[in-house]
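Q: Okay, here's what each chain looks like letter by letter:
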Amino acid sequence: MPVIDVIFTDLQRLIGVPLPKGRDALNDLLAYVKGEAERLEGDALSIEIKDGNRPDLWSVEGIARELRGVIGVEDGLREYAVTGYSGVRIDVDPRLETVRPYIGASVVKQVRLTDDVIRELMHLQDKLDQTYGRRRRRASIGLYNYRLIKPPLTYKVTRPEDVRFVPLGGTEELDLREIVATHPKGIEYGHLVTKHERWPLLLDAVEKVLSIPPIINSNDLGRITEGVMDILVEVTGTTPQTVLNTLTIVTLSLADRGEAIYSTEIHYPYGENRQVSTPELATHVVRLDVNQVHRVLGANLTADAVLTLLKRARYDARRVGEDALEATVPCYRIDVIHPADVIEDIAIMLGYNNLEPRWPQQITIGAISAVEAFSDVTREIMIGLGFQGILSFSLINEERLFTQMNVKDTPVVEIANPTSSRFTLIRNWLMPSLMDFLSNNTHVEYPQRVFEVGDCVVLDDASETGARTVRKLAGLIAHSNASFSEAKAVVDAFFLNIGFPYRLNEAAHHSFIDGRVGNIVVHDRDVGVVGEVHPRVLAMWGLENPVTGFEVDLSSLMDI
Amino acid sequence: MVTWLVRAGGRSSIDDAKRASRLDDEGFNVAISWALRKGWLHVEKADNATLLVARKEPEEGSDERLLATLDAGPQAFKDLSPPLLVALTDLRKRPHVVLQQRNVKRRYILTEAGLQAVKAAEKAPRAVSQLTPELLRSGTWRGLKLRTYDIQAPVEALWPGKKQAYKRFLDDLKWKLVALGFKEMEGPIVEFAFFNCDALFMPQDHPAREIHDIYYVKHPAYGDLSSYSTQVRHVQATHEDGWHTGSTGWGYPFSTETTRRLILRSQGTALSARMLVNKDLEIPGKYYSLSRCYRPDVVDRTHLTEFNQVEGIVVGDGLTFRDLLGVLKMFATEISGADKVRFRPDYFPFTEPSVELSAYTTEAGWLEFGGAGMFRQEVTLPLGIEVPVLAWGLGVDRLFMMKAGISDIRELFTQDLTWLRRQRLT
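These protein sequence lines map, in sequence, to chains A and B. In case it helps, our numbering puts the first sequence at residues 359 to 918. In case it helps, our numbering puts the second sequence at residues 72 to 497.
Read the hints as simulated data drawn from the structure, not as lab findings. Computed from a prediction, not measured in an experiment: that's the story for all the values here. Treat the hints loosely; a few may be bogus.
[Stated by the list, open to error] Derived BS3-like pairs (lysine-lysine); straight-line CA-CA distance at most 27 angstroms:
no. : chain 1 : residue 1 : chain 2 : residue 2
1   : B       : Lys-400   : B       : Lys-238
2   : B       : Lys-289   : A       : Lys-766
3   : B       : Lys-289   : A       : Lys-553
[As the list claims (entries may be wrong)] Partial selection, computed: residues in chain B whose CB lies under 7 angstroms from chain A:
no. : residue
4   : Lys-234
5   : Pro-274
6   : Asp-276
7   : Lys-289
8   : Arg-393
9   : Asp-394
10  : Leu-396
11  : Phe-414
12  : Pro-416
13  : Asp-417
14  : Phe-484
15  : Leu-491
[To be verified] To be clear about the criterion: a stretch of chain A counts as covered by chain B if any three or more of its residues have a C-beta under 8 angstroms from a C-beta of chain B, and this derived list gives those stretches:
no. : segment
16  : 400 to 412
17  : 787 to 801
18  : 822 to 832
For every residue, glycine included, the Cβ atom is placed at its ideal position computed from N, Cα and C.
Based on the provided sequences and hints, a complete structural model is requested.
A: Structural data, given as structure tokens:
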């Protein structure tokens, strides 16, 4: 979840009233924006915003906007409107349709910037790029010094070697390929353009480079500095709605520190809407019924109460009938896509802790699943036989699953994106996990008797997922005199107690000593194995006591 | 030797005298030195030869008399005459001649208690340590004394079979949920992206679906969703334009290939989604799952790459957010033993409203204990569920770690047999 670094006094100034400094009181307040103070040192406040779907809250301005309503500094809709056309027109090259098709831009004038504010702004930009912009693939943001730019702009493509400019933070002019190879942002995001023969490029009327979206701005036009500035915001991306939403959020954050918003005009050679004015700061209306609110929340709220709560959440709201309401959703609330989203805001403003909890009255009968019930029986038997239960990871690797068990690789479920060489496969039997456990306890008092009832996964073409989760039981005995017959005695006791007759078929299994291993067969079905572990296997696990044990497929037994 | 010398003429070489005496070298030297000291003989040198000369047979001294007396057997000090006692003093200075022994006689008289004990002991039977089947069968044990033991003596350690400590905790939890009327749900470890994500209204390019958050299966990569074709169609429409759910949807083209992609279950909510399409679903119904879930995290003190999640749903007509708060409060008091509960707004892609549950106990203070919400209609309606569904998940790992006094999350799957053997069951 995004963690937002803000300046405490800046947040306070934007809200307009003093904020509590105590951690608990601050968190009680931040709970209204699904936030939690992670760190408060001096003036530096880090807030974790738990809502991954409300990028409007990922900035100090957005948090302040919402808390002004919560605290009651103001309520209802905060109006944001376009003052006029900036005169900036952007012409889009048809070849961008397959590269990075969409662009939006706005101009915010008279933005008051300090170093702290610039840092907060960069932080918002980064959070949007990373999360909502999907690491700049779906949307990326550029900010420019508007006064240095000569409109109209051209959003086009270019061969990387044909254009040279000084990237932000750089000192010398490089061609695009050099920038992608050497600039930190080029290294991080270069893969988004290098797959294309021609790369996106944003130029002004005198062919000065604004940026290579979504990599890096020019140092000349794309540098934001302290003071009062007119800023051009530009967002490019792969879906129109994401581009517009991102543009709205950045534009409004700047507008909260500036004077006025001006639009730009985008001219596309493709798509349905060939001429688009951005930003789009349109609100939309959600119709609600008081009874609907009641059905969801279980709270008897009057229409007036709902109206008040909506306004506190920065909606405009009005009654349109006895129980019918209309809520005007602010343009930055891109998360509101269903009436439930509005109802949650009503509940938040009412306060979750003001709703009386109620245990649902419906009568239901509880039960554990059949496989868990059977597992419990087998656990009882194993515990009665003196075995210590263990719990192990079901992820394992080839070395432990095959090599150290002295068996050939067999097909099992393999992970495409493992994070560690220790966890690359899902086990198809438990015994390697138990051997692993014994190998970690060679210094512990013998005899050792351990068991696990756990899930394994076996490949199965007949299954809808090509694999089947199976519950298995395995037990191992280790001590100086451990022998085949001791394990067999356990298997005898086990099958006697679950009420299945079984027989042993001689088997060749290289994990065990030849002639001291058998397949456990129930009603002609192979359900497991019992044997004395081969000394070669013991050596590979570093064990110096004989080990004997068994494994049974409980899922198969349940099918019989 | 001196007697022999006198009888042999009073004069002899050393060698002859030694041969005649039949003494060894050391004994002969001692004899010569004492005979010289007593004046029984003297040494003369003539023609380069050393001669022993004795004039008369030696008189018997008190030391000889003492030795003769002792030869007959040990003598008490009090029986020796004064001259013999003087001789004893001299002889005791010489090694290996006399042996002094102290003989002590003591007399004891039994007290009355002693007499009683003797009488009792005369009557006591034979004592044994081990009772045997033979003794029992024959009845001989009746005439035997069973020896007492030192009951304080240490004995061999015994380690009873028992459940793994964390599993035991999860079992307690499972029975509490059953007692509250919840039925267990099941589902596969290798799961469709459909149930894990799409049916839960997570857009297909959602960050939580990237390779950093979900394990993808290498082979088989895709499964067969044909048994759920209706639900897939509805979920697709919901993602694209909201379908009949009252939502605008996410507005992107939904991939029916991505939805068939196989992954390792990353959240227990996948089982809830499966339950909603299960023909055995009961309405009203309460369900729980205790499932192993997987995420591509690097394992350290605070992260596991597989872990257990406890999740569930309550399905029924007329359920409200207040009912959800009631369920959470019940969990907090029944499972964590909380004195107080606190609810705060939270976010999950598949619920609205969403809530975070914190439980307060005096030992641990506030503990974030769970997350919950009402399933969005974008989740329920495409799966064919027309009634409200309350969904909840409990963070029980931290609760167990607190109770077991462990701070390293890897200890949930401990490899330490000694620790497991020593875990208390109370």
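Q: Please go over all the hints and tell whether each is borne out by the structure.
A: A quick look at each hint next to the structure:
no.: 1; hint: B:Lys-400 <-> B:Lys-238; verdict: 24 angstroms, holds
no.: 2; hint: B:Lys-289 <-> A:Lys-766; verdict: 20 angstroms, holds
no.: 3; hint: B:Lys-289 <-> A:Lys-553; verdict: 25 angstroms, holds
no.: 4; hint: Lys-234; verdict: 5 angstroms, holds
no.: 5; hint: Pro-274; verdict: 10 angstroms, violated
no.: 6; hint: Asp-276; verdict: 6 angstroms, holds
no.: 7; hint: Lys-289; verdict: 4 angstroms, holds
no.: 8; hint: Arg-393; verdict: 4 angstroms, holds
no.: 9; hint: Asp-394; verdict: 4 angstroms, holds
no.: 10; hint: Leu-396; verdict: 4 angstroms, holds
no.: 11; hint: Phe-414; verdict: 4 angstroms, holds
no.: 12; hint: Pro-416; verdict: 5 angstroms, holds
no.: 13; hint: Asp-417; verdict: 6 angstroms, holds
no.: 14; hint: Phe-484; verdict: 5 angstroms, holds
no.: 15; hint: Leu-491; verdict: 6 angstroms, holds
no.: 16; hint: 400 to 412; verdict: holds (count 5)
no.: 17; hint: 787 to 801; verdict: holds (count 4)
no.: 18; hint: 822 to 832; verdict: holds (count 6)
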